[in-house]
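Protein sequences appear in the order of chains A and B.
Residues in the first sequence are numbered from 1 upward in steps of one, following the working numbering.
Residues in the second sequence are numbered from 1 upward in steps of one, following the working numbering.
What the hints contain is simulated information worked out from the structure, not anything from laboratory work.
Misleading hints may appear alongside valid ones.
Unchecked claim - As a list, the in silico BS3-like pairs of lysine-lysine whose alpha-carbon atoms are at most 27 Å apart:
| hint | chain 1 | residue 1 | chain 2 | residue 2 |
| --- | --- | --- | --- | --- |
| 1 | B | Lys377 | A | Lys73 |
| 2 | B | Lys425 | A | Lys73 |
| 3 | A | Lys73 | B | Lys432 |
| 4 | B | Lys425 | B | Lys154 |
To be verified - Here are some chain B residues pointing at chain A (derived, C-beta under 10 Å):
| hint | residue |
| --- | --- |
| 5 | Ile106 |
| 6 | Leu237 |
| 7 | Asp238 |
| 8 | Pro386 |
| 9 | Gln394 |
The C-beta atom is built at its ideal place from N, Cα and C for all residues, glycine as well.
For reference, the chains in residue letters:
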Amino acid sequence: MSTAAATRAAAARTPRRRRRGGGGERVAPYVFLAPFIFLFLVFLVLPIIVALYTSFFQTQRSGLGFGGGDGQKFVWFDNYALAFSNPGFIESFGRVLLFGAVQVPVMLAFSLVLALLFDSAVVRWKRFFQLSVFLPYAVPSVVAALIWGFLYQPRVSPIVEGLTSIGVPVNFLAPGTVLWSIANVAVWSVVGVNMIILFSSLQTVPREMYEAARIDGAGELRMALQIKLPMILPALILTMLFSVIGTLQLFNEPMTMRSVTSNISGDYTPNMAVFSATTLGGDINLGSAMAIVIGLVTFVLSVIVSVLSNRKRGSAK
Amino acid sequence: MALTSKRSGALSALALTTVSALLLTGCASGGDAPSAEAGPVTLEFWGWAPGLETAVELWNEENPNTQIEFFRMTGDDGAKIPAAIDAGTAPDVVQMSVHSIPGHIINNRLTDISEYTEGLEEQFTASSWKGVSYNDGVYAIPQDSGPTGLMYRKDLFEQHGVEVPTTWDEYLDAARALKEADPELHIAQFSPNETGLWLETVWQNEGTWYGIDGDAWTVGIDNEASQEVAEVWQTLLDEDLVKVVDMWTPEYWAEVNAGTIATINYAAWFPGLLEESAGDLAGKWAVAPSPRYDGLDTAGETGGSVDVIPEGTEHVEQAVEFTTWLNSSPEALEILITEGGLFPSALTGLESESLLQPEEYFGGQVINEVFAGEATKVPDTWVEGPSFDLAQDQLKDAFAQVANGKLTFAEALTQVQESTVQDLKDMGLNVK
């Protein structure tokens with residue numbers, strides 16, 4: 001009786017212990033993830049919730065606004081209506097989309113060509129050149145914009161003075177050209193890092209494929225186009241996605257270059273418009289609504305880019 | 001079941017840590033415990049003017065019961081202030097631009113100190129006191145100001161035989177004469193990014209961007225005084241008498257150094273910068289009173305800085321006592337003028353011997369005699385308004401279009417007038 005009970009108890013205990021052990025394994029990853037989850041919640045989810053919350057309120061004032069009496073009033077989507085009725089804010093989206101439509105392909109083409117060149121056997125001193133291309137990425141964007149701003153300015157820029165002296169009058173800071181001058185800074189800054197991503201992806205392509213291709217008589221160009229490019233397509237799409245997001249977040253370069261030219265308005269890019277509404281206008285509610293709009297547009301664009309690229313990848317197979 | 005409760009336990013633990021972390025930060029920054037005793041109090045003071053350290057040291061020696069802890073603001077520190085006041089963690093005294101006062105008042109960020117400032121009015125220039133008082137309230141103590149004077153290239157005027165203009169009409173004639181003598185030479189620069197150059201002249205012409213009418217704000221960005229200023233500028237621009245170049249840029253200083261800009265009609269604090277950035281031109285500059293408008297003997301002003309007592313400060317009386325001493329006592333002004341190169345708002349400061357010293361850079365001229373004389377002639381018509389920063393930025397953008405020939409000055413003013421009225425309405429304020 002006692003032995004039977006003991007056996008039964010032991011039998012019952014074993015699976016229970018096993019289950020408990022399994023539970024422990026399930027907890028471990030969450031313990032390791034906890035710091036991330038904590039930071040994710042505090043610095044990403046919470047701000048979004050707070051922004052969403054504030055975007056539905058407006059500060060109530062009366063008369064001159066002196067002497068207080070102000071409170072927050074729930075106004076539904078009034079701030080969003082205000083954001084959309086602000087022509088500067090709407091135009092800023094058009095501007096960055098135009099910017100992205102030009103800057104992203106140009107920058108990716110540069111990165112891709114460089115990555116393919118570094119991967120091929122024809123380039124010597126690879127490390128040196130790779131570092132040279134990558135180095136601008138180590139320069140903070142504000143500093144980069146300052147340096148380029150200097151190079152763009154008449155009277156102080158050797159480039160402008162040089163071109164003018166040989167009869168090519170240029171104005172890098174004119175209303176029509178300043179956007180592309182900013183694009184140039186952006187390209188200069190990020191070509192290197194995208195090149196590295198694409199290059200690392202190229203390194204993972206099995207070398208046997210090249211051998212096989214060579215035996216079949218393929219040249220470097222044909223290999224690049226028909227083997228390397230399809231193999232690194234996922235990395236290319238990743239860099240494209242990052243670039244599209246980066247375009248919509250454009251802030252540092254135009255904000256910095258604003259100190260050398262008045263042809264960059266205070267609401268030149270969507271993020272600058274938010275900055276202007278909150279710091280200059282002191283309207284945190286409107287700024288929150290604008291920020292939510294930017295977030296949504298970025299999200300939608302990212303989805304479009306990934307859906308389109310998935311379809312393309314599918315058809316490529 | 002067991003698993004669910006464990007998971008929710010972990011989640012609530014996480015939530016708890018989040019909350020306690022937030023609480024902790026809240027506590028740490030809001031930690032000043034109120035002391036009811038009349039013992040020595042310590043006030044925190046944030047400012048940027050050079051020389052404030054020395055002045056604070058002197059005060060601390062003489063006033064053991066009110067000790068000041070000074071923190072030097074650099075760069076973006078000013079941007080932290082509104083959030084700090086809202087969170088109740090702001091310093092007790094803060095230096096800020098006079099233009100930003102109303103914006104903070106309507107957000108309940110500043111203490112009305114009028115009960116401690118009786119009779120103080122007479123100690124400051126009329127225009128600077130106007131900038132800190134609204135209706136019956138006083139919201140700051142003026143610190144420095146920027147009365148306008150005409151800095152001009154004495155050598156170039158002499159070389160081309162052109163008289164230094166005393167009215168704006170003469171200014172236009174002088175501009176044409178200089179241009180004729182040397183096509184490269186412009187009488188001034190037009191800088192879309194620096195509204196101070198514009199604002200000072202509107203102020204001189206007894207204009208103002210804002211006004212108060214009963215319990216409503218008025219906006220005067222395109223009023224008559226402004227449009228008169230616009231006319232002069234439009235003529236200068238149309239006849240190519242001004243060099244279009246953004247101020248403060250390396251390009252701007254290159255133009256100044258190259259001698260293509262003959263006059264700079266700007267604030268009393270500008271000569272120091274001029275000396276710093278155009279050292280080679282020593283002895284070639286001189287200062288005269290700004291050209292006048294018909295029938296007016298008034299001077300311009302760009303506005304200066306003030307010291308405010310943020311809402312939530314406990315020792316308001318002591319804070320006002322200190323700021324009053326700092327900005328109106330001869331010994332404090334002496335320090336701020338000699339060490340900080342500050343142009344005081346207090347009348348005693350304008351008579352200070354250390355202010356009225358000959359300047360080597362200006363060929364030994366006592367330039368501050370001119371500026372001090374101008375300071376007392378600044379009309380007290382200018383009223384600061386709650387959306388100043390925004391209006392200023394919109395004006396910059398509109399002026400950029402003027403520079404590109406897409407708008408005229410008059411149109412730019414009308415455009416910014418409209419957007420400023422709308423901005424005030426969006427803030428929920430009464431606008432007439």
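Now for the hints, and whether the structure bears them out:
| no. | hint | in the structure |
| --- | --- | --- |
| 1 | Lys377(B) <-> Lys73(A) | violated, 45 Å |
| 2 | Lys425(B) <-> Lys73(A) | holds, 16 Å |
| 3 | Lys73(A) <-> Lys432(B) | holds, 24 Å |
| 4 | Lys425(B) <-> Lys154(B) | violated, 48 Å |
| 5 | Ile106 | holds, 3 Å |
| 6 | Leu237 | violated, 14 Å |
| 7 | Asp238 | violated, 19 Å |
| 8 | Pro386 | holds, 6 Å |
| 9 | Gln394 | holds, 7 Å |
Violated hints, in rising order: 1, 4, 6, 7; the structure is consistent with all others.
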